[in-house]
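Chains as they are written, first to last, in numbering that gives the first Met the number 0: chain A, 0 to 353; chain B, 0 to 399.
Just the calculated beta-carbon pair ranges, DEER-fashion: (1) B:Leu127 / A:Glu155: 40 to 48 Å; (2) B:Glu27 / A:Lys71: 52 to 60 Å; (3) B:Asp144 / A:Glu272: 21 to 29 Å; (4) A:Thr237 / B:Asn91: 23 to 31 Å; (5) A:Asp192 / B:Pro122: 24 to 32 Å; (6) A:Glu27 / B:Asn91: 51 to 59 Å; (7) A:Lys127 / B:Gln241: 39 to 47 Å; (8) B:Glu264 / A:Gln1: 37 to 45 Å; (9) B:Asn40 / A:Asp192: 46 to 54 Å; (10) B:Asn91 / A:Glu155: 26 to 34 Å; (11) A:Asn156 / B:Pro263: 26 to 34 Å; (12) A:Asp45 / B:Glu264: 20 to 28 Å.
Bear in mind the hints are in silico, worked out from the structure with no lab data behind them. Even for Gly, the Cβ is constructed at its ideal location relative to N, Cα and C.
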Amino acid sequence: MQVFIKSASSISPQKTFGQSSFLTEPVEYAGKKLTCIEPDYSGIIDSKLIRRMSRIIKMGVAAAAASLKEAKITMPDAIITATAYGCLEDTEIFLKKMIQNKEEMLSPTAFIQSTHNTVGAQIALMLKCHNYNNTFVNRGFSFESAILDAILMLQENENNHVLAGAADEIIDTSHSILSRFGLYKNEPVSNFDLLQSGTKGTMNGEGATFFVLTNQASKENQAALDAISTFYKPQSITETEKNILSFLKEQSTDINEIDIIITGKNGDSRGDEIYQRLSHSVFKTKKQVHYKYLCGEYPTSTAFALWVAIKILKHQSIPSILGMNSDSGKPIKRILIYNHHQNLHHSLFLLSAC
Amino acid sequence: MGNPVLVAGVGVISAIGKNTAESLDALESGRAGMGEMHWLNSVHKSKLPVAEVNLNNEDLASLGGLPSSVSRTALLSIIAAKEALADAAIDNLEHLRVGFISANTVGGMDKTENFFSEFISNPQKGKLRDVIHHECGSITELVADHLGIRHYISTISTACSSSANSIFFAARLIKNNILDVAVAGGTDALTKFTLNGFNTLMILDPEFCKPFDENRRGLNLGEGAGYVVLVSDRLISSLKKQPYCSLSGYCNANDAYHQTASSPEGTGSFLAMKGALKQSGLNPSDISYINLHGTGTQNNDISEGTAIKLLFDGHYPKMSSTKSFTGHTLGASGGVEAVFSVLAIRHGFVYPNLRLTTPMKELPFVPEIKFLKNEKIDHVLSNSFGFGGNCSSLIFSKLK
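When you get a sec, could you build the whole thing from the sequences and use the hints?
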């Protein structure tokens, strides 16, 4: 079922939050990670609460609040949150103290805020919202599950507005552990050159991005989300190709009708091979843009990709940092997002201009 | 209401048994699962009773088929999920759209704790294999891979209501024709992280818990896993055995009161129960049995009790908290209690609320303290409420 995106708000490593311009001043990072440019929270969150909140909670709550404000919705009919890693900062604080203090003399604050549903719960608490509230935590499918749940909510009930989004944070410890798995580049690299490196590893990323989705058509909607699909551990590139083509077919469209493909290419030669292969098969001759050199790699990064797609459709222009010139006046009608997370979690989003 | 979603199979493991048969036997004979810690290596060993599954990781591994080196949370999950699938005995699963929708609260934290104690002294130390399955979703995937489920996989984490929400979500995926079959529920192993977390909140009972008792002092933590196999009624003619019941109602609401405490009036619980009744098209008087959330904390039981009073005033169904047997299995509790609810319908059972001696003064009803057989159980309401105000209620109904 087609649903509409009423608003989209993102706190990311780029200047995305509270900006009317669209990625006009790209931010460069050198090193192994891209971390969020955080706003001044004082106008967004109650100052008493800010002090207690970890970074992921602040970012999640602020992105959600901004998204509601933009949509002019005070009380969403559902709050659906995605996070792959959960509240890492509070988890680490409690875990570390517990080990160092040998399970004695612990304070509950970090534990209370360590549960994966904290961001969703804090949004509900802030709004005094008693409606449906859910949190999905399945790695590279977390955000996709949240969006599917949102679509189902809109399909099952009338006149609904669903707030859905994702939040994941980098902490020093998670970065250090994930680095030991060999996920990031060994050599110094600028995020702007990430996709051309041709070596193993990518750059770590994070972000909090929320959307208000609705089933009501309106001129004010920013884009339409036609469909979403996920597939897990495809056994071959052929299966991936087949899944992409059948996804489009189910939506009564085909690749020729897609104006732009946004891919999850992340500069890691191991995973990028899949995108490379697709460029020569199903995506052949299609315009492709990539987003991970702007936000880094993390399991819920597709929320940032969705934000980019919505803004392209809304502004009917492609920022030059995305490396593709907007065509002379030709309208951008349809965008396909294809991402895979470690070749385990593959996802597709199909969007249309309103 | 749409077409009903049917329960075709159940599987459970907890401190009272490693399968449904053992669990029912314990429920009938009043045998609680709490005791002194055996497997969890905590300094609170002699002070805080827990409801542990009575098997070490090696035994769990040989029972479930996963390597004993993985998180206990996955080891528990696979045993209950396999039992549920075997129980459902659905032919041609490979030709159906099958999903695995699981839930847990701390993923592979039991292993992360080992990793971290070495890691904090030196960031190059700690075995990576102990932290590779830290994420909640990773536990689900270990089990899904072993079960051969690939079509749709998801994990929910909403604290103590996690697996009620995974059953709820799975049912909607079936109703919306995205899946034909779903294995849905949740799992959680005891960890030092959660034990100490709950201990700092001062809501752990140093004795065996007494849900809905005037003199209740808190909860006992437990561990386990519980799954139901949900099938679309489109499949009913191809099932080899009669489904147990239908999942006729479900609702998720938020208390929006406090990060960990429930509102005194039980707003979230009230809305969840009321919404589930509305969705199933039932009246409060239609409910035969409520499987209470009933943790045994001061706060939960008065909050849940107040909501029940408001909603069921005048026609209280039989009710009990089976956490008096299993302890609070957190992310697994909604799944474990869904299995007990389904079995209550199948066998006409009402389970006892153990150790209830002094009913709560504020409440006009008293949970059942005896095991009842041959009851007419048509509709069971199962409550799961959690941190973050996340409240969910499920209703299982006998097939007409």
